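A.B. asks: Residue numbers (this note's numbering), protein chains in the order written: chain P, 1 to 370; chain Y, 1 to 370.
Hints were generated in silico from the structure; no laboratory data involved. Because the structure is a prediction, the values reported are computed rather than measured. Just so you know, not all the hints are guaranteed correct.
Since copy identity is lost for identical chains, a pair holds within one copy or between any two.
[As the list claims (entries may be wrong)] Calculated lysine-lysine pairs in the PhoX-like style (CA-CA distance at most 20 Å, straight line): (1) LYS240 - LYS303; (2) LYS119 - LYS303; (3) LYS271 - LYS173; (4) LYS334 - LYS31; (5) LYS303 - LYS31.
Protein chains: 2
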Amino acid sequence: MASSEANERPRLISAMELVGAGGYDKLQIKKIPYREPNSDEVVIRVKFAGLNFADLMRRQGLYSPAPKFPYVPGFEASGVVEAIGSNVSQLAVGDRVVAFAGDGMWADLVTLSNDRCFKMPDNMSFEDGAALLVNYITAYHILFEFGNLRPNKSVLIHMAAGGVGIAAIQLCKTVKNVTVFGTASGSKHNIIKEAGCTHPIDYHTEDYVAEIRKISPNGIDIIMDPLNGEDSVRGYNLLKPLGRIIYFGAANVAASGENRSLFTAFKTWYKCFSTNSLSILSDNKSIAGYHLGYLLKYFDSGKEIALETIDELFRLYNEGAIKPQIDSIYPLSKVGEAMQRMHNRQNIGKILLQPDDEANATKNNDTTTE
Amino acid sequence: MASSEANERPRLISAMELVGAGGYDKLQIKKIPYREPNSDEVVIRVKFAGLNFADLMRRQGLYSPAPKFPYVPGFEASGVVEAIGSNVSQLAVGDRVVAFAGDGMWADLVTLSNDRCFKMPDNMSFEDGAALLVNYITAYHILFEFGNLRPNKSVLIHMAAGGVGIAAIQLCKTVKNVTVFGTASGSKHNIIKEAGCTHPIDYHTEDYVAEIRKISPNGIDIIMDPLNGEDSVRGYNLLKPLGRIIYFGAANVAASGENRSLFTAFKTWYKCFSTNSLSILSDNKSIAGYHLGYLLKYFDSGKEIALETIDELFRLYNEGAIKPQIDSIYPLSKVGEAMQRMHNRQNIGKILLQPDDEANATKNNDTTTE
């Protein structure tokens with residue numbers, strides 16, 4: 001589009017908007033105005049964006065922080081820098097970057113602060129870049145900050161075949177002699193075993209607590225719990241002395257249907273683990289809450305922690321120690337289907353979204369010889 | 001005493017008994033029967049025993065686990081092996097040892113399981129040995145297990161001039177560039193500064209939260225809280241993102257008088273920090289409870305953790321990285337005075353107790369030229 005034309009009518013971009021809390025019909029592709037970068041911002045042409053469980057929770061109206069409706073969701077993306085503000089020096093047009101923010105990534109062009117964008121390692125694909133940030137930062141902070149993972153420890157990973165789950169398994173394998181228990185349905189056990197899970201457990205057919213006690217009678221050192229509700233109590237009780245459980249979600253709150261269920265939410269709340277500074281005294285255990293969204297949104301020092309972690313993750317990627325498992329790629333317009341796949345826990349690893357123009361271009365490139 | 005005489009009437013030892021919950025009059029020196037070691041036990045002639053805040057809580061009836069009255073308190077001691085059971089091979093008569101157990105150390109002879117006794121490094125004094133185990137294991141587990149202390153972190157240590165406090169300061173200094181905030185009354189600031197405390201704060205004249213915010217506006221990475229009650233909430237709120245607070249006592253519960261105050265206890269409970277697995281989710285913080293007594297009493301793996309830690313502490317002692325600060329030594333018969341000193345928070349470092357015969361012998365050695 002010539003710039004003379006752009007001056008006559010506002011330039012529009014394609015974006016997926018969440019227009020309210022509810023079912024998949026609340027997600028609508030819209031044409032919205034392009035926003036020029038201010039002096040500290042950059043514009044990225046999105047190659048791929050990540051789908052996260054938090055996006056499903058937000059759609060059901062069960063997740064904060066969230067902007068007011070309507071807004072463009074999307075925490076993370078990979079892409080190419082298309083324009084930069086006058087103050088931006090560490091990025092240039094044409095740079096391949098990954099980016100993350102509180103929202104806004106499900107669009108073909110994204111205008112955002114330059115400090116949310118990071119140059120990708122040269123050998124990283126756009127798919128891997130879009131799959132890396134949220135899942136691996138989450139798993140890294142849980143395992144190495146709160147979890148204090150060191151050699152010879154045992155770790156329980158719920159939803160082990162999901163994006164965070166596979167990231168966590170791979171990160172566990174960077175430490176000597178870590179025993180990884182992972183829950184996933186039986187059909188996914190081969191994949192999580194290949195990733196490094198020592199003991200896959202099918203939560204459909206087995207009681208994970210009983211199975212773990214058979215192998216490790218004293219319990220587990222570190223538990224990653226994205227489920228909450230009654231699992232939060234079962235996990236706490238399963239901890240070894242000096243063990244740590246890190247709550248980082250409430251998947252049990254999310255209704256399996258399209259809309260939220262207040263009954264499911266209430267049951268999760270009612271059954272969740274409660275304690276206080278006196279009653280925890282004699283337990284020799286630790287609980288933690290982890291939430292990447294709040295970490296970045298409300299704390300200046302949250303950003304610093306994330307920056308250090310991204311450096312470390314790029315290093316591990318370059319060494320071949322970690323590699324995102326991509327489950328599937330959907331065009332943005334099919335985000336409902338992508339969400340249903342995640343809700344049904346059919347995915348193995350990361351689900352990516354692709355702007356429809358990019359998806360069509362990829363298709364055309366596949367079928368033409370130009 | 002000749003052994004022929006011992007055969008005629010039971011051999012008696014001197015011990016300090018706690019005969020009930022209450023004031024100092026509940027602590028009484030008694031002659032109790034000597035117990036021969038069974039095949040796995042050893043007998044130690046006690047040189048020094050440690051006094052811990054938990055002993056004060058127990059006397060007030062505020063601490064569990066505790067045996068039934070009457071019993072001989074005392075968690076730790078140093079001494080010399082005087083007899084061994086038939087199965088004991090790793091210790092010999094004459095060995096210099098440190099020992100710890102759930103109770104029983106406040107006596108001139110102690111019969112206990114050999115696996116609670118550890119040969120002291122050759123260059124360790126009996127005073128240092130008796131001052132080491134409870135305080136340094138506690139500080140070590142809190143800082144390095146739950147706290148995940150690493151370079152460039154900040155630590156808040158309450159009661160920084162106490163036994164655990166000084167141990168913790170010294171352990172912080174074994175890690176690069178750790179900023180240590182310590183609360184203690186002004187008269188003790190020189191000592192804790194010498195030990196390595198970066199910012200001593202006088203809790204009598206200053207609001208520690210306000211003082212810390214002035215220096216470190218984002219808060220603290222690791223807080224060691226032996227106070228509980230309203231301090232448990234203030235500490236939680238003072239944590240940085242991904243910060244950790246470890247509760248390991250409830251000094252605020254202990255009445256400053258001789259007897260427990262139910263009002264003080266209730267106030268501490270009422271004001272203590274409460275959370276659950278859902279409300280902690282968005283906080284990006286961790287809470288932990290630490291209790292060495294339960295760690296050793298109820299968990300097989302607790303012992304293993306302690307053994308590894310003792311090895312590490314002996315190594316640090318031999319390197320000169322840690323060295324117990326001995327506040328004072330009281331004869332066992334004056335334990336009430338020793339407790340009052342601790343209750344008034346007059347001590348700087350560890351208070352030790354010495355069996356009266358040993359104390360008298362020391363005195364005689366000091367005044368004779370034999």
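A.B. asks: It remains to establish, for every hint, whether it holds in the given structure.
C.D. replies: Results of checking the hints against the structure:
1. Taking the shortest Cα distances, LYS240 and LYS303 sit within 20 Å of each other only across copies (12 Å), while inside one copy they are farther apart (32 Å).
2. For the identical chains of this complex, LYS119 and LYS303 are intra-copy neighbours only, at 16 Å inside a copy versus 48 Å across copies, given an alpha-carbon limit of 20 Å.
3. In this homomeric assembly, LYS271 and LYS173 never come within 20 Å of each other (Cα to Cα): the closest approach is 33 Å inside a single copy and 43 Å across copies.
4. Proximity of LYS334 and LYS31 under a CA criterion of 20 Å is satisfied intra-copy only: 16 Å inside one chain copy versus 84 Å between copies.
5. In this assembly of identical chains, the alpha carbons of LYS303 and LYS31 never lie at most 20 Å apart, being 31 Å within a copy and 64 Å across copies at closest.
In terms of the numbered hints stated before, the structure departs from hints 3, 5, listed from lowest to highest.
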